[in-house]
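Asker: All chains should be built: construct the whole structure from the sequences, respecting the hints.
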Amino acid sequence: MMTTAIAEAVPGTSCPAPAGQTVWTPFNAHDEGQRLLKEWYARLEHANERKEPVANVFVMGNAIEILRSFDFHMVFPEINSLQSGVRKTSAELIRISEDYGMSPDVCSYVKADVGMMLKEEKDPGKLKIPKPDLSISSNMCGTFIKWAEIWERRHKMPSFVLDLPGQRSSNWKVRPGDAQHSTDSRWVEDQFKDLIAKCEKITGKRFDIDRLAEIQGRVNQMVLHWNNVMELNRVSPAPYNAMLDGLTYIGIMNVYRGTVEGVEFMRRLEEDIRAKVARGEGRVPEERFRLLFSGTPCYVSMRRLVELFET
-1 MMTTAIAEAV PGTSCPAPAG QTVWTPFNAH DEGQRLLKEW YARLEHANER
49 KEPVANVFVM GNAIEILRSF DFHMVFPEIN SLQSGVRKTS AELIRISEDY
99 GMSPDVCSYV KADVGMMLKE EKDPGKLKIP KPDLSISSNM CGTFIKWAEI
149 WERRHKMPSF VLDLPGQRSS NWKVRPGDAQ HSTDSRWVED QFKDLIAKCE
199 KITGKRFDID RLAEIQGRVN QMVLHWNNVM ELNRVSPAPY NAMLDGLTYI
249 GIMNVYRGTV EGVEFMRRLE EDIRAKVARG EGRVPEERFR LLFSGTPCYV
299 SMRRLVELFE T
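The sequence shown begins at -1 in the numbering used here and counts up by one.
Any given hint could turn out to be false.
Here are the simulated PhoX-like cross-link-like pairs (lysine-lysine), alpha carbons at most 20 Å apart as the crow flies [said to hold, decoys possible]:
| id | residue 1 | residue 2 |
| --- | --- | --- |
| 1 | K86 | K117 |
| 2 | K154 | K129 |
| 3 | K126 | K86 |
I should point out that these hints are in silico values taken from the structure, not numbers from a laboratory.
Answerer: In structure tokens form, the structure reads like this:
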């Protein structure tokens, strides 16, 4: 254990440092993140046999805070699909889906997930994926809605589609205080009330708004830590590698959102990144260039891609 004093804002960023002394304990965030993700999968394995509620959700537009207040286990089929790509099992799953009748131009995420269902397969970590009691999708992606319909038919369970107001024309602007903003807010609020009623029916539990507030408070803490971590990575040399480390961090932000474990992980991550910046420690000792990736990585060649930029 060592103590590092960081008295001012980190140079080159707008990220303020905590006042006073910061006690830093060595923290391998990548390994700890992988451990937490394995624990998440392990809990999913026994959810059905314990008759605990399960929801299939997407990374975007998933209302996890409400679901977590009802003790739902969350399954992220997108994450299962990308893991199958990393582990090089996706090609077989995609072939199974296409043999079943899915078009070659359908999203590979969908076909990998459907291949798992058709094969009654275990998840990429070799643990059983539970059958969902509910699915949440949104209009943020048309594929989401059609994908959720597949689960609805196969598992004979209800799905819920969040209709989120978006940009309706090229010059469309809605701001707090506008009449349209108030209308849109009421529209989303009414949908959340419908979702809460559905969760109450599925779980047999009454909605607890105080518990929801606690969960949302933890989400806000995680977001604050995560924003600071991204801001800290602006310095050179960058303290973490977005392709390898960053994907693990984002995974924790998604599957542990609103949890005590999630807050603690992000707190320790920020503390660790701050200490690395203070020591001038970077993922690449002599950083000459920085590449920014837009979109999803090439999962089937993930290891080769990471090694390409580490040598």
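Asker: With the threshold set at 20 Å, check whether the alpha-carbon distance from K154 to K129 stays at or below it.
Answerer: holds (10 Å)
Asker: Just to be careful, I want the Cα atoms of K126 and K86 compared with a cutoff of 20 Å; is the pair within it?
Answerer: Holds, because 18 Å separates the two Cα atoms, which is no more than 20 Å.
Asker: Taken at face value, is the distance from the CA of K117 to the CA of K86 at most 20 Å?
Answerer: holds (16 Å)
No hint from the list above goes unmet by this structure.
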